[in-house]
Amino acid sequence: MLSSSILPRRVWLLLGYAFAAAALFSAPLYLNDFRLNLLAKCLAFAIVALGLDLLWGYTGILSLGHGVFFGLGAYAMAMHLKLVSSGSRMPDFMDWMGLTKLPWFWEPFKSFAFAAFMGIVIPAGLALVLGFFTFRNRIRGVYFTILTQALVIITVTLFVGQQAYTGGTNGLTGFTKMFGYSLKSGTAKTMVYLATVVVLILAFLLCRYLVKSRFGKVLRAIRDGENRTRFLGYDPSSYQMTAFAVSAGLAGIAGMLFVLHVGIISPTMMAIVPSIEMVLLVAIGGRGTLVGAVIGAVIMTQAKSELSASYPDFWLFFLGALFIVVTVFLPGGIVGLVRQLRQTIIRRRSVNEINLNPVVPESNGVI
Amino acid sequence: MKKGSGLKGFVLALTASLVLAGCGSNNNEAGSSTSSSAPASSAAASSPAASGGTVKVGILHSLSGTMSISEVTVKNSELMAIKEINAKGGVLGKQIEAVVEDGASDWPTFAEKARKLLSEDKVATVFGGWTSSSRKAMLPVFEELNGLLWYPVQYEGLESSPNIFYTGATTNQQIIPSVDFLLEKGKKKVFLLGSDYVFPRTANKIIKAQLAAKGGETVAEEYTPLGHTDYTTIIAKIKEAKPDVVYNTLNGDSNVAFFKQLKDAGISSADLMTISVSVAEEEVKGIGPEYLTGHLVAWDYYQTTDTPENKVFVENFKKEYGADSVTSDPMEAGYVAVYLWAAAAEKAGSFEVDKVREAAKGIEFNAPEGKVTIDGENQHIYKTVRIGEIKADGQIVELWNSGGPVKPDPYLKTYDWAKGLSDQ
Numbered sequence: 001m002l003s004s005s006i007l008p009r010r011v012w013l014l015l016g017y018a019f020a021a022a023a024l025f026s027a028p029l030y031l032n033d034f035r036l037n038l039l040a041k042c043l044a045f046a047i048v049a050l051g052l053d054l055l056w057g058y059t060g061i062l063s064l065g066h067g068v069f070f071g072l073g074a075y076a077m078a079m080h081l082k083l084v085s086s087g088s089r090m091p092d093f094m095d096w097m098g099l100t101k102l103p104w105f106w107e108p109f110k111s112f113a114f115a116a117f118m119g120i121v122i123p124a125g126l127a128l129v130l131g132f133f134t135f136r137n138r139i140r141g142v143y144f145t146i147l148t149q150a151l152v153i154i155t156v157t158l159f160v161g162q163q164a165y166t167g168g169t170n171g172l173t174g175f176t177k178m179f180g181y182s183l184k185s186g187t188a189k190t191m192v193y194l195a196t197v198v199v200l201i202l203a204f205l206l207c208r209y210l211v212k213s214r215f216g217k218v219l220r221a222i223r224d225g226e227n228r229t230r231f232l233g234y235d236p237s238s239y240q241m242t243a244f245a246v247s248a249g250l251a252g253i254a255g256m257l258f259v260l261h262v263g264i265i266s267p268t269m270m271a272i273v274p275s276i277e278m279v280l281l282v283a284i285g286g287r288g289t290l291v292g293a294v295i296g297a298v299i300m301t302q303a304k305s306e307l308s309a310s311y312p313d314f315w316l317f318f319l320g321a322l323f324i325v326v327t328v329f330l331p332g333g334i335v336g337l338v339r340q341l342r343q344t345i346i347r348r349r350s351v352n353e354i355n356l357n358p359v360v361p362e363s364n365g366v367i
Numbered sequence: 001m002k003k004g005s006g007l008k009g010f011v012l013a014l015t016a017s018l019v020l021a022g023c024g025s026n027n028n029e030a031g032s033s034t035s036s037s038a039p040a041s042s043a044a045a046s047s048p049a050a051s052g053g054t055v056k057v058g059i060l061h062s063l064s065g066t067m068s069i070s071e072v073t074v075k076n077s078e079l080m081a082i083k084e085i086n087a088k089g090g091v092l093g094k095q096i097e098a099v100v101e102d103g104a105s106d107w108p109t110f111a112e113k114a115r116k117l118l119s120e121d122k123v124a125t126v127f128g129g130w131t132s133s134s135r136k137a138m139l140p141v142f143e144e145l146n147g148l149l150w151y152p153v154q155y156e157g158l159e160s161s162p163n164i165f166y167t168g169a170t171t172n173q174q175i176i177p178s179v180d181f182l183l184e185k186g187k188k189k190v191f192l193l194g195s196d197y198v199f200p201r202t203a204n205k206i207i208k209a210q211l212a213a214k215g216g217e218t219v220a221e222e223y224t225p226l227g228h229t230d231y232t233t234i235i236a237k238i239k240e241a242k243p244d245v246v247y248n249t250l251n252g253d254s255n256v257a258f259f260k261q262l263k264d265a266g267i268s269s270a271d272l273m274t275i276s277v278s279v280a281e282e283e284v285k286g287i288g289p290e291y292l293t294g295h296l297v298a299w300d301y302y303q304t305t306d307t308p309e310n311k312v313f314v315e316n317f318k319k320e321y322g323a324d325s326v327t328s329d330p331m332e333a334g335y336v337a338v339y340l341w342a343a344a345a346e347k348a349g350s351f352e353v354d355k356v357r358e359a360a361k362g363i364e365f366n367a368p369e370g371k372v373t374i375d376g377e378n379q380h381i382y383k384t385v386r387i388g389e390i391k392a393d394g395q396i397v398e399l400w401n402s403g404g405p406v407k408p409d410p411y412l413k414t415y416d417w418a419k420g421l422s423d424q
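Chains L and R are the protein sequences, given in the same order. For the first sequence, counting from 1, position 300 maps to 300 in the numbering used here; every step adds exactly one. For the second sequence, counting from 1, position 401 maps to 401 in the numbering used here; every step adds exactly one.
Hints should not be assumed to be uniformly reliable.
Calculated cross-link-like contacts (lysine to aspartate or glutamate; reagent style DMTMM-like; alpha-carbon spacing at most 20 Å) [as the list claims (entries may be wrong)]:
# : chain 1 : residue 1 : chain 2 : residue 2
1 : L       : K189      : R       : E221
2 : R       : K56       : L       : E306
3 : L       : K184      : R       : E120
4 : R       : K391      : R       : D409
5 : R       : K413      : L       : D95
6 : R       : K56       : L       : D33
7 : R       : K83       : L       : E306
Source of the hints: derived by calculation from the structure; they are not laboratory data.
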């Protein structure tokens, strides 16, 4: 059926990806400093959104605590940058807080490789531990989501409270150097941006590979019927733990890139509101589709910046209205909307050609 | 499956082109404006910020989130100063156009918006920030892009960036004189209470060193998290420690809870004196003057400060923002910042950052708080210190002042007892 459109679709797909990749790689040529920085930030959020989509859209587990994993990655990178920028001296805030020598756990962060490694391993490891105690005990749905919110509160309180070791509410900032090069130069910025594009593409390919593989099929089976999957002989908890850890690891990577672009990380970025906003990126783009996650992240981060610049006093109302409209009228997000439109067009074009695969929203009511 | 992929490709292409279209048009604008200003700059002293009959300046405060209550009032007074200057003909013959941005009480957003103002709007200068955290987030951006920030709030000192002018008090223009005042009044046993972040921690470090050097005594030092609202334990500790005075560096909502619970515990200002450095007229209105009557505050300006300039300032402010609005120290410092920048630009004959910075050295201005002068060395300003007492009508009446503007000393180099506090 619809044999005529198979080729155009393939072409569309390839053209779409090629165009998007070309546009991203050439962005430094035509974007100004602020726009490039904003786009880089969007792409970092797109990486978190990919991980969240893997967890929520494909496995049916809603985490409202990804700000923590994002933040842990960001702090790992920020600790390295802070040490490198302070030269041989102790970071300034430790001095104000009365520390006389660098805490032992800061020492290894002098190495970039160690910091980058920890930026992935700490979030993924924490997710694995949390997943072990929850999924093994068959804690799921709303209860799991509440636990992730608790994790947010605990982490933020800890980071704010341990001011001497974490910089408290100020967070970590004032980074100047990386690998001995000044972070302020245009070249450094372009390199960091291009690195982000490459990481995003790799993350996208990884997620795509995962969801297309047998592993991804089991994830969807768990989402649609956890008990049924268990009776088929699979152990859902190990799949859930893996998905959670991969998702947290991606959030950690995104956090590391975020620090490089924005130049500051503070506990507010890990708090409840940013954690929920990350989920909204996926909801708005269209969950259960990887492209939807990326599109949601890019559009929402841009929209937030544009709206707040154009209407500094009212932008939050617009943003709120947008969220309500999307959740009420577009349950499938932007990708879902396009699908619906396309469906209507096809129906009109060939009334006789009955589509045997009506589009079913991929949401299954898991909240 | 295939159908889905085709669709995704379509959506992807569509989004990419949309994003590009948006960015592209922005870029064209920027491109055309720079190209048109290039010949102009050779003809007359001008910068990208000034095109046509206007010059753009940025205003970057939290208009949403927890800090908005305080910061919106500073934004208002800055906009009022701009309006006044425009009515008198503007700066260098150009009308000032304010680009207002929302920092949203979120430090990374401050950094992002600062970058936007400097590299996209190409503003000549920015007035903004309140918390030290927001200033520290913006500082690297201003240094990197060589922008100019006017920061209007009292802070913990130990900072001096060539890209920032500090129009609020540093520690030797607020905290140190207030401790001297307390010691002079015989209040030697001091209980330190603060919110747990960089300003109270640093302030208390200085106070402890000062008390130790001058025969005072720190009886206790307590911190509560930002937003903390249960002070019964702290009040019990205060009762037990029996201090002569509580030195209060709490911030935001915590002050409401602390002063209400203090009154509920039957402690009035007659029983126990407190002195606050983050409670001004606006906060008094929020907490309720009945809880604060008789308590002390330390600032450089009050609504009641008796200068001809202040009469006009208060009158204009009430005309602009309603008869029940109040003016406070940070609002006045924001207002002064706009005038100081305008004066520096006039003197420089240019809006270029390097020229304005150079011209700003030694500029004097008759502010509502009295005469202020920019210290060219550390880019802070000379300010008169004032200790005040809160009255039942919510106004603050001056008890003591320093007699004249005090030279700013952010690193406390002129104080022997402060050696070792600022070496970093």
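### Query
Hey, K56 of chain R versus E306 of chain L, does the alpha-carbon distance stay inside 20 Å?
Holds - the C-alpha atoms of E306 of chain L and K56 of chain R are around 18 Å apart, at most 20 Å.
#### Entry: Restraint status (C-alpha distance of K56 of chain R to D33 of chain L at most 20 Å)
Within the cut-off at roughly 19 Å; holds.
### Message
Run the distance test for K184 of chain L versus E120 of chain R: straight-line Cα separation, threshold 20 Å.
### Response
holds, 17 Å
#### Entry: Hinted pair K189 of chain L and E221 of chain R, Cα distance within 20 Å
violated, 44 Å
### Query
Keeping to a limit of 20 Å between CA atoms, is the pair of K391 of chain R and D409 of chain R held or broken?
This hinted pair is violated, its Cα atoms lying about 31 Å apart.
### Task
Take a quick look at whether K413 of chain R and D95 of chain L sit within 20 Å of each other, Cα to Cα.
Satisfied, since the Cα-Cα distance of roughly 17 Å is no more than 20 Å.
### Restraint status (C-alpha distance of K83 of chain R to E306 of chain L at most 20 Å)
Judged against 20 Å, a Cα distance of about 26 Å means the pair is violated.
Of the numbered hints stated above, those contradicted by the structure are hints 1, 4 and 7, listed in ascending order.
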